[in-house]
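Visitor: Residue numbers (the numbering used here), protein chains in the order written: chain A, 1 to 165; chain B, 1001 to 1173.
Any given hint could turn out to be false.
[What the hints assert, rightly or not] Sample of chain A residues lacking proximity to chain B, with all beta carbon distances greater than 12 Å (derived):
1. Leu10
2. Leu65
3. Leu98
4. Thr99
[Unchecked claim] Only some residues are given here: those of chain A computed to face chain B with a beta carbon under 7 Å:
5. Met1
6. Leu11
7. Leu29
8. Glu33
9. Arg34
10. Gln36
11. Lys39
12. Val43
13. Asn55
14. Gln58
15. Ile59
16. Lys66
17. Arg121
18. Val123
19. Val125
[Stated by the list, open to error] Below, simulated DSS-like cross-link-like pairs (lysine-lysine); rule was C-alpha separation at most 25 Å, straight line:
20. Lys39/A to Lys1046/B
21. Lys1164/B to Lys66/A
22. Lys1046/B to Lys1057/B
23. Lys1146/B to Lys66/A
24. Lys1146/B to Lys1164/B
Hints are computed from structural coordinates only; laboratory data are not their basis. A virtual CB, placed ideally from N, CA and C, is assigned to each residue, including glycine.
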Amino acid sequence: MNRDEAKIILLPYRLGTADADDPQIAEALALAERDQELKDWLVEHCARQFVLRENFRQIRVPAGLKEQIISERARSAKKQLSGGQILRWRRWAVLVLLTVLVPFWFSPRAHDDTLSIYQNRMVGVALRGYAMDLIATIRKKSAPTLRKIRRRLISICLRNSGRLA
Amino acid sequence: MAESPDFEILVSRYYEPLYQFAFSLTRDEADSYDLVQQTYYIWANKGHQLRDITKVKTWLFTTLHREFLGGRRKLVRFPQVELEGAEADLPVVSPPTGSRLDAAQVLVLLAQLDEVYQAPVALFYLQDYSYNEIAAILEVPLGTVKSRLSRGLCHLHQLLTGEKIGTSKQRNL
């Protein structure tokens, strides 16, 4: 390591910090112990670093910033509180609505299970027309037309009625 | 998970270094004021998401830096000016006057560094942060932080002293 390399290594060196634990910095510091010119440079550099650091830390913080941050927080907390109250009210409303609706929703539908309803439904089923079924069956078997069937049925009925009589 | 620290204690503890960091980035009092307030506002709303409460300080600095970068991206009020073209407008800082510097002059010097070097250099001086901490705050790899610091400090040294060291071969710490 030459003097210039040591200077580059020592640029981020901060006196009194853990920087000296870095092996490269430790090596550069050891070189500075032996090299008077590098040592002088390092002393100056450390002094400059100190001044820079102090100057950075002297950036003046405007008065009232802390109070402003805290008061903003308090204001926003109040807003959050009112938001919380709204939420609580909404929860109550939902709860009331559920209390009203749930019993209605789960109430037993007794009227559907009565015998009279069942009977009516069955009668309806029994009385419904079967025309479509008949036509479909007839067409499937390529049977004669409905008119022919009707004519035959009438003739059969007449014949039978004659016999019965 | 540790208990969340009291908001006021958090403000008392960190508002000054946060403001100083913000000011070293923006060099504007109002912008820095806003940045710090915004940082604490975000903490108030999202701070509970931080699992490791010991990292509050890093979280605050990271948030402030993110807000700064976000603001810079949105910024259309101020056109970007290349440093070479604006040299005449910058205040003159006479070189080897380390001991006679003040905060304003230091910030002028910092402003002359490339933008990517400014945040690590400011953190380096402001808080004595380790490289790992700076990397965590800026959300960049450790190697990048070391390299940026090395270049930034080298440039700063050059501005202060006029001495040019190792420009051809930058050390990667």
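Visitor: Kindly indicate which numbered hints from before are broken by the structure, ordering the numbers from low to high.
Guide: 1, 2, 5, 7, 8, 9, 10, 11, 12, 17, 18, 19, 20, 21, 23
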